[in-house]
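Chemist: Letter by letter, the chains look like this.
Number of protein chains: 2
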Amino acid sequence: MQAIILAGGSGTRFWPLSRRRRPKQLLALEGKRSLLQETFDRLQPLIPAQSVWVCTTTMLAEEVRRQLPEVPPEQILLEPEGRNTAAAIGWSVRSMPPEAREGVVAVLPADHRMGDPGAFRGTLAQAASAVEERDLVMTLGIRPYRPETGYGYLELAQELDPSTGLSRVERFREKPDAATAQAFVDAGRYLWNGGIFVFRGTTLLDLMKEHLPELSEGLEEIARQPERLQELYPDLPSTSIDFGLMEKLDNLGTLPLDCGWSDLGSWEALAEILEVDGSGNGSVGDVLALETSDSLLVADSGTVVALGVEGLVVVKTEDAVLVIPKERSQEVRTIIAALRERGREELL
Amino acid sequence: MQAIILAGGSGTRFWPLSRRRRPKQLLALEGKRSLLQETFDRLQPLIPAQSVWVCTTTMLAEEVRRQLPEVPPEQILLEPEGRNTAAAIGWSVRSMPPEAREGVVAVLPADHRMGDPGAFRGTLAQAASAVEERDLVMTLGIRPYRPETGYGYLELAQELDPSTGLSRVERFREKPDAATAQAFVDAGRYLWNGGIFVFRGTTLLDLMKEHLPELSEGLEEIARQPERLQELYPDLPSTSIDFGLMEKLDNLGTLPLDCGWSDLGSWEALAEILEVDGSGNGSVGDVLALETSDSLLVADSGTVVALGVEGLVVVKTEDAVLVIPKERSQEVRTIIAALRERGREELL
Chain C
1 MQAIILAGGS
11 GTRFWPLSRR
21 RRPKQLLALE
31 GKRSLLQETF
41 DRLQPLIPAQ
51 SVWVCTTTML
61 AEEVRRQLPE
71 VPPEQILLEP
81 EGRNTAAAIG
91 WSVRSMPPEA
101 REGVVAVLPA
111 DHRMGDPGAF
121 RGTLAQAASA
131 VEERDLVMTL
141 GIRPYRPETG
151 YGYLELAQEL
161 DPSTGLSRVE
171 RFREKPDAAT
181 AQAFVDAGRY
191 LWNGGIFVFR
201 GTTLLDLMKE
211 HLPELSEGLE
221 EIARQPERLQ
231 ELYPDLPSTS
241 IDFGLMEKLD
251 NLGTLPLDCG
261 WSDLGSWEAL
271 AEILEVDGSG
281 NGSVGDVLAL
291 ETSDSLLVAD
301 SGTVVALGVE
311 GLVVVKTEDA
321 VLVIPKERSQ
331 EVRTIIAALR
341 ERGREELL
Chain E
1001 MQAIILAGGS
1011 GTRFWPLSRR
1021 RRPKQLLALE
1031 GKRSLLQETF
1041 DRLQPLIPAQ
1051 SVWVCTTTML
1061 AEEVRRQLPE
1071 VPPEQILLEP
1081 EGRNTAAAIG
1091 WSVRSMPPEA
1101 REGVVAVLPA
1111 DHRMGDPGAF
1121 RGTLAQAASA
1131 VEERDLVMTL
1141 GIRPYRPETG
1151 YGYLELAQEL
1161 DPSTGLSRVE
1171 RFREKPDAAT
1181 AQAFVDAGRY
1191 LWNGGIFVFR
1201 GTTLLDLMKE
1211 HLPELSEGLE
1221 EIARQPERLQ
1231 ELYPDLPSTS
1241 IDFGLMEKLD
1251 NLGTLPLDCG
1261 WSDLGSWEAL
1271 AEILEVDGSG
1281 NGSVGDVLAL
1291 ETSDSLLVAD
1301 SGTVVALGVE
1311 GLVVVKTEDA
1321 VLVIPKERSQ
1331 EVRTIIAALR
1341 ERGREELL
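Residue numbers (our numbering), protein chains in the order written: chain C, 1 to 348; chain E, 1001 to 1348.
Misleading hints may appear alongside valid ones.
[Claimed, not checked] Listed next, with one range per pair, are the computed distances between beta-carbon atoms: (1) Arg1168(E) - Arg344(C): 57 to 67 Å; (2) Gly1311(E) - Glu275(C): 27 to 37 Å; (3) Arg1173(E) - Gly343(C): 20 to 30 Å; (4) Arg1344(E) - Pro97(C): 54 to 64 Å; (5) Lys1032(E) - Arg21(C): 34 to 44 Å; (6) Arg344(C) - Pro1226(E): 47 to 57 Å; (7) Asp1294(E) - Ser238(C): 54 to 64 Å; (8) Ala28(C) - Thr1334(E): 51 to 61 Å; (9) Ser1279(E) - Arg33(C): 39 to 49 Å; (10) Arg20(C) - Lys1032(E): 28 to 38 Å; (11) Ser1279(E) - Ala157(C): 50 to 60 Å.
To be clear, the hints were calculated from the coordinates, so they are not data collected in a lab.
C-beta atoms are modelled at their ideal positions from N, C-alpha and C, and glycine is treated no differently.
Here chain C stands alone, though its shape is the one from the complex (with noise of 0.2 Å):
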């Protein structure tokens, strides 16, 4: 089996802590392995090193082979541009040597967190099981916890067979408002989807040039002329691998996930994660907290003191400050909109 991890998102959610230069994926937010890192931990041994290509961007190149130095310089490869999913995916198959595309492939971002790195590899071979002998084209669901509005849900058909959970894609259902959330979670039959796929590498690339075929025509030209390729990567249509293909098929199949998933949307998702002190702190870095309660402190630079205060995000970083609620802290990303209004673009 081969692996895809696709590490050239620009993850802002982390500001001040991500950059553009180091998105979410390069970061360690638990203060040892960055998510990309654990991200290649957690396939070993299932997947090992000389099987493992990482699709990233040019601009974070030098960092990628950096944390990764275990996997062939020649696999990780360069976008010169980010064009969403569908391309990165079909370019890094169609990039394998003939004999890694014919086997199984598995897609996995970069910037995904889980608990269980053992269960995760035992759901991820049942996958392949299941793309080798039922012809599917595979994606992993995460049991929904909590009636989510900022995730897509997998509409489950069929059970296929009952001792894993493997069943039949009815449909892709986008995000949700909060009523019909609490109803998908109520209900059961909804899985959300993690972005998490497995196939065999030809399959994929058939159904791309049935259901896409302007970007399977440009990745063939590409392959015929590599030399070219910062000249037509930037012109591949730029469509999600949800949208343009999976959406589309009618052999795609799931496995419920269950090892702890988090996609650490938030400093508040980050939180939840954390080991916390006996008032709910959690902390990374050189921090003091005295009389606080249920907050997040980060020190990614220096010493953060809090006094007193309840339910904060306070992170620092040798540059920058961000102080805001908890609860609040999906609206880091009306902070990077004000910090680019006003021209602060070395704060991004």
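We have chain C already, so just place chain E on it with the hints.
Modeler: Coordinates of chain E only, in the frame set by chain C:
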């Protein structure tokens, strides 16, 4: 008239901006001149630079000289270590040439703020006249505008001059409880002790000889053997000029000072004197405040960004950030104690 600026204090109330080597009086809290520089500036043109003396410590010498290039270097007196105000004032007066100490001397803390320097100079000149014409030791008193429990009060005796408000001081009243403070404010016969004194230099030395004989003898010893300063000064008795001398005098007079005085005793006190935006936020440095109100945001280095917070003080320096509710900003001392307890001297 000569001026002695007492600039040896170790003010830590503006941590993390104030540090041992950069105490409050050396900070430009309003973003321009430091409190020490403003203390010097507001004496002009009444007391020119060649009549200004600064008493500070060896540790702060370089920065004090840098901030006050106008003051003759030999008039920047360096205590080997701080021995409280009686020693600092006595030593400064004894260090003046005879013709200077036979004249009027004003003693000024280096870390107070006055909104109206002209009014201050007017009252100072009146105090000098009272010293010369009535042979009084003078202290300038601040008319209390709130029942402050953190200051000492001067209880007034008979009024000597209705045109200026010149009065004798009946006695010192140390930091009162809240009810007593309110009674003082209501009575109208009490002023805050602002630590500003005006006297004839030789009179002060005579009074020290009478009331603080050990200190007086120590100062004479230093005058006889100035080369032994490092050895003799640390042995001087440590007492404040208020307790050690002023409280014992029966010829103490006072003039009410009405010049927008603040001792800037906390971040909250600074917030009160800064200009605020439409939401009541004061800021110093590079600050972005979104949906934030009634807060004080200080960026000594880099950028401070707040979204959705209220009534907070946030201060960023290169190596630290402090977050504390504005009304608890007096409790910075708790933080200093906690850092000291944890052996974090490098942050103090």
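Chemist: Hint by hint, say whether it matches the structure.
Modeler: To see whether the hints hold, each was checked on the structure:
1. Arg1168(E) - Arg344(C): 57 to 67 Å: 60 Å, holds
2. Gly1311(E) - Glu275(C): 27 to 37 Å: 30 Å, holds
3. Arg1173(E) - Gly343(C): 20 to 30 Å: The hint (20 to 30 Å, Cβ to Cβ) is violated, given that Arg1173(E) and Gly343(C) are roughly 56 Å apart.
4. Arg1344(E) - Pro97(C): 54 to 64 Å: 56 Å, holds
5. Lys1032(E) - Arg21(C): 34 to 44 Å: 35 Å, holds
6. Arg344(C) - Pro1226(E): 47 to 57 Å: 56 Å, holds
7. Asp1294(E) - Ser238(C): 54 to 64 Å: At roughly 45 Å between Cβ atoms, Ser238(C) and Asp1294(E) fall outside 54 to 64 Å, so the hint is violated.
8. Ala28(C) - Thr1334(E): 51 to 61 Å: 32 Å, violated
9. Ser1279(E) - Arg33(C): 39 to 49 Å: 41 Å, holds
10. Arg20(C) - Lys1032(E): 28 to 38 Å: 35 Å, holds
11. Ser1279(E) - Ala157(C): 50 to 60 Å: 53 Å, holds
When held up to the earlier numbered hints, the structure conflicts with 3, 7 and 8 and fits the remainder.
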